[in-house]
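Taken in order, these protein sequences are the chains called A and B. Yeah, the first sequence ends on 325 if you go by our numbering, and it's all consecutive. Yeah, the second sequence ends on 670 if you go by our numbering, and it's all consecutive.
No lab work stands behind these hints, which were simulated from the structure alone. Owing to the predicted nature of the structure, the values given are computational and were not obtained by experimental measurement. Hints are supplied without guarantee of correctness; some may be wrong.
With beta-carbon atoms standing in for the labels, derived distance ranges [as the list claims (entries may be wrong)]:
| # | chain 1 | residue 1 | chain 2 | residue 2 | range |
| --- | --- | --- | --- | --- | --- |
| 1 | B | Ser636 | A | Arg231 | 52 to 60 Å |
| 2 | B | Tyr450 | A | Ala82 | 53 to 61 Å |
| 3 | B | Asp573 | A | Leu39 | 48 to 56 Å |
Just so you have them, the derived chain A footprint on chain B, three or more residues with Cβ under 8 Å [unchecked claim]:
| # | stretch |
| --- | --- |
| 4 | 628–638 |
| 5 | 648–656 |
With the Cβ distance kept under 10 Å, some of the chain A side facing chain B (calculated, not the full set) [stated by the list, open to error]:
| # | residue |
| --- | --- |
| 6 | Leu13 |
| 7 | Ser141 |
| 8 | Leu145 |
| 9 | Asn243 |
| 10 | Leu253 |
| 11 | Gly255 |
| 12 | Thr280 |
| 13 | Val288 |
| 14 | Phe298 |
Built from N, CA and C at the ideal position, the CB exists for glycine as well.
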Amino acid sequence: MNYLGRRLVRAVLLLIGVSALCFLFTEMAPGSFFDEMRLNPQISLETIAALRSHYGLDQPLLVRYGRWMKSALHADLGYSIAYNTPVAPLLWSRAKNTLLLTTSALVLTWIVSIPLGVWAANRRGGLLDKTINLANSFLVSVPELVIAVALLAIAVRWRILRVGGMMSADYEGLSAWAKLQDVLLHLALPAFILVLCESAVIVRHVRASVLEVLGAPYVQAARGFGISRARLLFRHVLPVAANPAISLLGFSLAGLLSGSLLVEVVCGWPGLGPLILEATLSRDLCLVIGGIMFSALFMVGGNLVADIMLLALDPRIRREAADAH
Amino acid sequence: MRTKTAILVALLAGLHVVLLFAGFFAPYDPTTQNRDLPYAPPTRLHFKDSSGFHFRPFVCARTNVLGDQPDSYQEDYKEDRSHEYPLQFFVSGTSYKLFGIYQTGAHLFGVAEPGKVLLFGTDAYGRDELSRVLVGGQISVAAGITATFIALLAGSILGIIAGFYGRWVDESLMGLTELFLSLPWLYFLLGVRAFLPLHLSTIRTFFLLTGVIGLIGWARPARLVRGMVLSSRNRNYVLAARGFGGSDFYLLRRHILPETLGLLLTQAALLVPRYIAAEATLSFFGLGVNEPVPSWGNMLSTLQQYSVLVSYGWLLAPACALVVTSVIYSSLADVFHSRLKSYST
Numbered sequence: 001m002n003y004l005g006r007r008l009v010r011a012v013l014l015l016i017g018v019s020a021l022c023f024l025f026t027e028m029a030p031g032s033f034f035d036e037m038r039l040n041p042q043i044s045l046e047t048i049a050a051l052r053s054h055y056g057l058d059q060p061l062l063v064r065y066g067r068w069m070k071s072a073l074h075a076d077l078g079y080s081i082a083y084n085t086p087v088a089p090l091l092w093s094r095a096k097n098t099l100l101l102t103t104s105a106l107v108l109t110w111i112v113s114i115p116l117g118v119w120a121a122n123r124r125g126g127l128l129d130k131t132i133n134l135a136n137s138f139l140v141s142v143p144e145l146v147i148a149v150a151l152l153a154i155a156v157r158w159r160i161l162r163v164g165g166m167m168s169a170d171y172e173g174l175s176a177w178a179k180l181q182d183v184l185l186h187l188a189l190p191a192f193i194l195v196l197c198e199s200a201v202i203v204r205h206v207r208a209s210v211l212e213v214l215g216a217p218y219v220q221a222a223r224g225f226g227i228s229r230a231r232l233l234f235r236h237v238l239p240v241a242a243n244p245a246i247s248l249l250g251f252s253l254a255g256l257l258s259g260s261l262l263v264e265v266v267c268g269w270p271g272l273g274p275l276i277l278e279a280t281l282s283r284d285l286c287l288v289i290g291g292i293m294f295s296a297l298f299m300v301g302g303n304l305v306a307d308i309m310l311l312a313l314d315p316r317i318r319r320e321a322a323d324a325h
Numbered sequence: 326m327r328t329k330t331a332i333l334v335a336l337l338a339g340l341h342v343v344l345l346f347a348g349f350f351a352p353y354d355p356t357t358q359n360r361d362l363p364y365a366p367p368t369r370l371h372f373k374d375s376s377g378f379h380f381r382p383f384v385c386a387r388t389n390v391l392g393d394q395p396d397s398y399q400e401d402y403k404e405d406r407s408h409e410y411p412l413q414f415f416v417s418g419t420s421y422k423l424f425g426i427y428q429t430g431a432h433l434f435g436v437a438e439p440g441k442v443l444l445f446g447t448d449a450y451g452r453d454e455l456s457r458v459l460v461g462g463q464i465s466v467a468a469g470i471t472a473t474f475i476a477l478l479a480g481s482i483l484g485i486i487a488g489f490y491g492r493w494v495d496e497s498l499m500g501l502t503e504l505f506l507s508l509p510w511l512y513f514l515l516g517v518r519a520f521l522p523l524h525l526s527t528i529r530t531f532f533l534l535t536g537v538i539g540l541i542g543w544a545r546p547a548r549l550v551r552g553m554v555l556s557s558r559n560r561n562y563v564l565a566a567r568g569f570g571g572s573d574f575y576l577l578r579r580h581i582l583p584e585t586l587g588l589l590l591t592q593a594a595l596l597v598p599r600y601i602a603a604e605a606t607l608s609f610f611g612l613g614v615n616e617p618v619p620s621w622g623n624m625l626s627t628l629q630q631y632s633v634l635v636s637y638g639w640l641l642a643p644a645c646a647l648v649v650t651s652v653i654y655s656s657l658a659d660v661f662h663s664r665l666k667s668y669s670t
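Here chain B stands alone, though its shape is the one from the complex (with noise of 0.2 Å):
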């Protein structure tokens, strides 16, 4: 169990390392278009030439042979085995910014120009698949996070004043909360996001959706902790200090918010993955983060057209992103949940 709980962290912890110096583990800018390279494969790496083994990969340049064959609308590449590029690390090549203030242009790795290393292959612009998974993925998990954050506090607060006050404040947010929850989700987020403006800049598009997202979320995080601020409003020990003379606020910060941080922590693994997953949907749907700023769904919407789904198999890479993220963070949840009982019980 613990060693299970250890290596989920260190994974959790690795996967955000990467996101969050995406630009320095993406060889190139994400946006930067390769007009002569449409829907190229992912790069082989080549360890064997003509003069041997080598323990540095190479990769080869590649043409675009579209038109060899007439009847061909597939764009084709062949590998053109003389010249070889060399894997190297720690280059510097295309400058970014770190955090958003820290210009620098170093990469973890890369070939000399004008070789070019697409370890995922590209989209229909020829821009690197996998630079535009790191940098995209930044945006979709920290649209994730920032959702749950405003899910949990919007909820948890609500869910303190109805269970900390109870009687028609109570009975009216439970209501509230009962509305929100009859609601299929997709529904909702795709009716509130109608009544917002269609085309945004990107930092107010991620800042509505997330706000979005979020808020329409809060009810069940307020149920949860309405249930525990309730069970723990009568222990004896709250009893006493109000007995002292606490305050609401006192008992509040002191007693009754410390029970229900297991709860909240075990919430925020269970709902990023699902936020993620939202902003995905809404992204999918044209409806968040634009062209050409990358994030997870809307790179999977280019395959909407079946032709793209079929033949360019690559760039499903995204999903797998997801599927990975999403498991991570829900065998976390689980492991969180199955504490948290064994405490309560």
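In isolation and in its complexed conformation, chain A is listed as follows (with noise of 0.2 Å):
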């Protein structure tokens, strides 16, 4: 349990160095949110200076960091001005939806590259080895917005699925099992885009290390009993060959992320990305601070669930974690 506490104190030290280095890039900002506002001839400058300190905005950094760190610790995570509200509640209501669509991408990535990988290291060389590889470093360098744009455009023009928002407009109306599919054929598009663009790196891992297990002599040993290929793969190869995707899977969480956010904007699914983008424009800074803190949160929530995957599934870290002990 050491290890999980250990790495527990880190991701928490990593959350406050995000917001710490937020802070700092606040400082440097040379607008703020009421720059247009002093364009307004009808709001006189007292106003303003009046509703900056209301705000707390003229205080110096370190009273802000405090401040804001304590409203943090409330789960408030500061003070929205563009919206009036406090800042967590508003990015929660949409942090489930990009919960929804980021969570059934990963496991669908999982689900079609850890077989994909296999296979392609199964027939190394192979013709479908080849077209698997091609296909990955086509994906891999074509830019996640093109993919997006392109795929967006052949759904729009082929009617194929529901495209823009979460929900139809008559949504209300529906029963809840028609309601479920609704969201469901909304969510096909944006989850298939981040398949596409996340699986290409993911089937390149799994191939790769499902290959350096191929050639371990316990490997060989099991073949010369006689295993089936089958039982071979999946039974002995497959669990050694996880460890390093696994710990993939933070890493790929990152890009996910980053992913979903683009998709999000361009399919207009209404999750984090469209308000952390509003909020960019609006320059309401305590709601982009707090959308960068609730991805790091993702990330390492992300993470710490990798971990502990990996404790679960190989002994060797669980030695490991019990000699550190």
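Both chains are given apart, each in its own frame, so use the hints to dock them into the complex.
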């Protein structure tokens, strides 16, 4: 448990570091939310100064950071000036949708890429392997923006999936089953774009680590005993090869979240992405910081899950953790 | 392998020459509007007319026939086959500045006025899409290269310091890289962009943008360079040079920096397309290069309207340009990477 404890401390330190970094950046910001107001002749400079002090923006950096920390501990994450409410509830209402999109994309990505990677490694040098490799290097190099726009164009053109938003206009009048169907149909396109973008990297890694394990002596021994190919691959090779792939989970999460921000904006999915973009455009700094903190929280959470999975699946790490104890 | 590298390098060089001389290859000015030709589809090059086959292709004048069908909202164009404008090479047209200094009006091809040769069609304001792709590519690719340069410079300096001096410097710098790497880059990019003023002149936007993208990206090269420096620091020849009284600076310049060159080159080939995409993404969101200056990102942002996306397929041209550029760069990165591997083993 010491192992997980250390990971947890590290995660908390990381989050504090991210927030400190964000506040350092705000200090360097030349403009503020009230810049637009200053152009308005009907609002006097005194009003703006009063508003600034009302929101505590005239305080020095450390005081603001201290206040923000306190608010973060109350699970508020500061106060959005544009929406005039605490940031956290606002973010949470959108973060649910982002979580729905990213987790379903993540699960689908793994369901697709593990068999593909194992299969490609099994038929190394074959036609299938070469095709997968070629498709992978294409997908890895093409920018996500292009993939998203192109797939959106296809979907809109041939009316394959429902696009735009998360629900149809008549959502409220539908039965529970139809509601679920409607959301799933809307979810399909952004999730598919994300799976396409993310799976290329993971297939590559799974293939590489399976290939590495396939060359190990114990696999040869197992082969010598006449174990069937499928059993060999999925019972003897995959659990060992899973280790680097699971470590990749945390890493791939960063790409997934970035990709999801982009895809949400392109497809109009009401997640964190459009909210953060809007906050950036209106210079609602607390909301932006809150969004960054949420994304960092997702990342840290994902990494912790990966650590727990590694601990549960890999006896080598369990022993290492016990030794360190 | 060798031929593959040669082909890729030639393609890359060709791409950059075309973009560098974008004003010459583009038939029109990228910001000139033709209000009577909105969303005109690509001009067809004809070879045949009533008098037979011509080797020199020609184009026909087109008129906007919107309104002929009362319930149609789409622009519709009809060709007027009675007027022919043969395609001419090395013509003089609208003047532009080559490299921002040399004023000239030379273009690779064009047709006599009032004919228009719009090979990629036009956008909502009737601006020539081909010219915009070329000139916009100049900006997008330059942004990618500048950002890569900044990221690699910052990354290698910090990586060398961390790897060479070790101890607490190393620990704190690597802690910082972990911080930078633990954030999803697009969130981070948007965040940092939020702290900068929204409306700026194009030049200032360009440098702020590349600066931000580059400074967010320093962490990975820094880690890689640090690893290289760590491994080469204790090589025998470095230790020997130190024994002969070589200063830190001498050791770095003479023995350690050259080791990292291959790595940096590979990283550059890997990062340039990524940063081109980053610039495109920001401009797509409206946070980057602003109209009327074209960039691949802000050209694509008109496609956020579904009606445009469906009806005017030629506006996907910047996306194709992005794909071509990225594929060339990343294939080159693959080649570099496998070379680096075969060297080190």
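Now for the hints, and whether the structure bears them out:
| no. | hint | in the structure |
| --- | --- | --- |
| 1 | B:Ser636 to A:Arg231: 52 to 60 Å | holds (54 Å) |
| 2 | B:Tyr450 to A:Ala82: 53 to 61 Å | violated (32 Å) |
| 3 | B:Asp573 to A:Leu39: 48 to 56 Å | holds (54 Å) |
| 4 | 628–638 | holds (count 6) |
| 5 | 648–656 | holds (count 6) |
| 6 | Leu13 | holds (9 Å) |
| 7 | Ser141 | holds (4 Å) |
| 8 | Leu145 | holds (5 Å) |
| 9 | Asn243 | violated (20 Å) |
| 10 | Leu253 | holds (8 Å) |
| 11 | Gly255 | holds (8 Å) |
| 12 | Thr280 | holds (4 Å) |
| 13 | Val288 | holds (4 Å) |
| 14 | Phe298 | holds (8 Å) |
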